[in-house]
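*Asks:* So the sequences go chain by chain: A and B. Residue numbers for the first sequence follow the numbering used here, so the first one is 1 and each next one is one higher. Residue numbers for the second sequence follow the numbering used here, so the first one is 1 and each next one is one higher.
Simulated from the structure, these hints should not be mistaken for lab results. Some hints here could point you the wrong way.
[To be verified] Quick look at which bits of chain B chain A covers, simulated, 3 or more residues with Cβ under 8 angstroms: (1) 40-46; (2) 54-61; (3) 107-114.
[Unchecked claim] To give an idea of the interface, some chain A residues facing chain B are shown, with a C-beta separation under 8 angstroms as derived from the structure: (4) 43; (5) 77; (6) 90; (7) 102; (8) 107.
[To be verified] Calculated pairs, DSS-like style, for lysine-lysine (alpha carbon to alpha carbon, straight line, at most 25 angstroms): (9) 69(A) with 83(B); (10) 49(A) with 83(B); (11) 49(A) with 57(B); (12) 42(B) with 77(A); (13) 78(B) with 57(B); (14) 69(A) with 106(A); (15) 57(B) with 22(A); (16) 42(B) with 22(A); (17) 57(B) with 106(A); (18) 49(A) with 22(A).
Ideal Cβ positions, reconstructed from N, Cα and C, are used throughout, including at glycine.
Below, each chain spelled out in residue letters.
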Amino acid sequence: AQSVAQPEDQVNVAEGNPLTVKCTYSVSGNPYLFWYVQYPNRGLQFLLKYITGDNLVKGSYGFEAEFNKSQTSFHLKKPSALVSDSALYFCAVRDRPGNTPLVFGKGTRLSVIA
Amino acid sequence: EPEVTQTPSHQVTQMGQEVILRCVPISNHLYFYWYRQILGQKVEFLVSFYNNEISEKSEIFDDQFSVERPDGSNFTLKIRSTKLEDSAMYFCASSEARTGGTEAFFGQGTRLTVV
Numbered sequence: 001a002q003s004v005a006q007p008e009d010q011v012n013v014a015e016g017n018p019l020t021v022k023c024t025y026s027v028s029g030n031p032y033l034f035w036y037v038q039y040p041n042r043g044l045q046f047l048l049k050y051i052t053g054d055n056l057v058k059g060s061y062g063f064e065a066e067f068n069k070s071q072t073s074f075h076l077k078k079p080s081a082l083v084s085d086s087a088l089y090f091c092a093v094r095d096r097p098g099n100t101p102l103v104f105g106k107g108t109r110l111s112v113i114a
Numbered sequence: 001e002p003e004v005t006q007t008p009s010h011q012v013t014q015m016g017q018e019v020i021l022r023c024v025p026i027s028n029h030l031y032f033y034w035y036r037q038i039l040g041q042k043v044e045f046l047v048s049f050y051n052n053e054i055s056e057k058s059e060i061f062d063d064q065f066s067v068e069r070p071d072g073s074n075f076t077l078k079i080r081s082t083k084l085e086d087s088a089m090y091f092c093a094s095s096e097a098r099t100g101g102t103e104a105f106f107g108q109g110t111r112l113t114v115v
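Take these sequences, add in the hints, and give me the full structure.
*Replies:* Structure follows, in structure tokens:
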């Protein structure tokens, strides 16, 4: 069965510093990996995805993520954090093509301090 | 930008009552989903729907739950007899295609409170 682990409940970073939100996964096949962000009282917004190809994928709002097959990781990164990046971040995975469920991690709360 | 819309944003209901949560998926999307998020916990899959039938459902999606696409635009989740443990944020999502790499777009959610 597929699973996602986000080992940190909370990440604190100063504004302007780089940020990393960690995600590791477990799947039986090739992974399809996603990051979503949830702002307070809002739904889940798609940030970026990895399907195949280049291990570094770029997404919305300056975020990027690096796929590492040997470490089964898909960490979310941003070179310079903004206070407005403060939100709840979810990593998700599918291991099958088609209309199959996303399996989410438990989420990591990012707090960017001015 | 097209978006998934959900109504109501918040619903309070008494235990044992039926509730219907409504969603309007993005217009050219063909695949529809319901997920839920109990406060402080992870987002969990409930059901997926395509071509007017359920594609897949989780163990959470028992006989108390049903989904329907009553017309060309709405997608509903019905809970027949609500329980306290049904209190959660319910998210509707839709996606355009059936490839595994296709992202799902989520609505704002309906916060269901069962009292």
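*Asks:* Would you mind marking each hint as holding or not holding in the structure?
*Replies:* Hint check results:
1. 40-46: holds (count 5)
2. 54-61: holds (count 3)
3. 107-114: holds (count 3)
4. 43: Holds, about 4 angstroms.
5. 77: 19 angstroms, violated
6. 90: Interface hint status for residue 90(A): holds (6 angstroms vs cutoff 8 angstroms).
7. 102: At 6 angstroms from the nearest chain B Cβ, residue 102(A) passes the 8 angstroms test, so the hint holds.
8. 107: Check passed: Cβ of residue 107(A) comes within 7 angstroms of chain B, closer than 8 angstroms.
9. 69(A) with 83(B): 42 angstroms, violated
10. 49(A) with 83(B): The given pair, whose Cα atoms are some 36 angstroms apart, is violated under the 25 angstroms limit.
11. 49(A) with 57(B): This hinted pair holds, its Cα atoms lying about 24 angstroms apart.
12. 42(B) with 77(A): This hinted pair holds, its Cα atoms lying about 21 angstroms apart.
13. 78(B) with 57(B): 14 angstroms, holds
14. 69(A) with 106(A): 21 angstroms, holds
15. 57(B) with 22(A): 29 angstroms, violated
16. 42(B) with 22(A): Between residue 42(B) and residue 22(A) the Cα gap is close to 16 angstroms, so the pair holds against 25 angstroms.
17. 57(B) with 106(A): 20 angstroms, holds
18. 49(A) with 22(A): 15 angstroms, holds
The structure shown violates the earlier hints numbered 5, 9, 10, 15.
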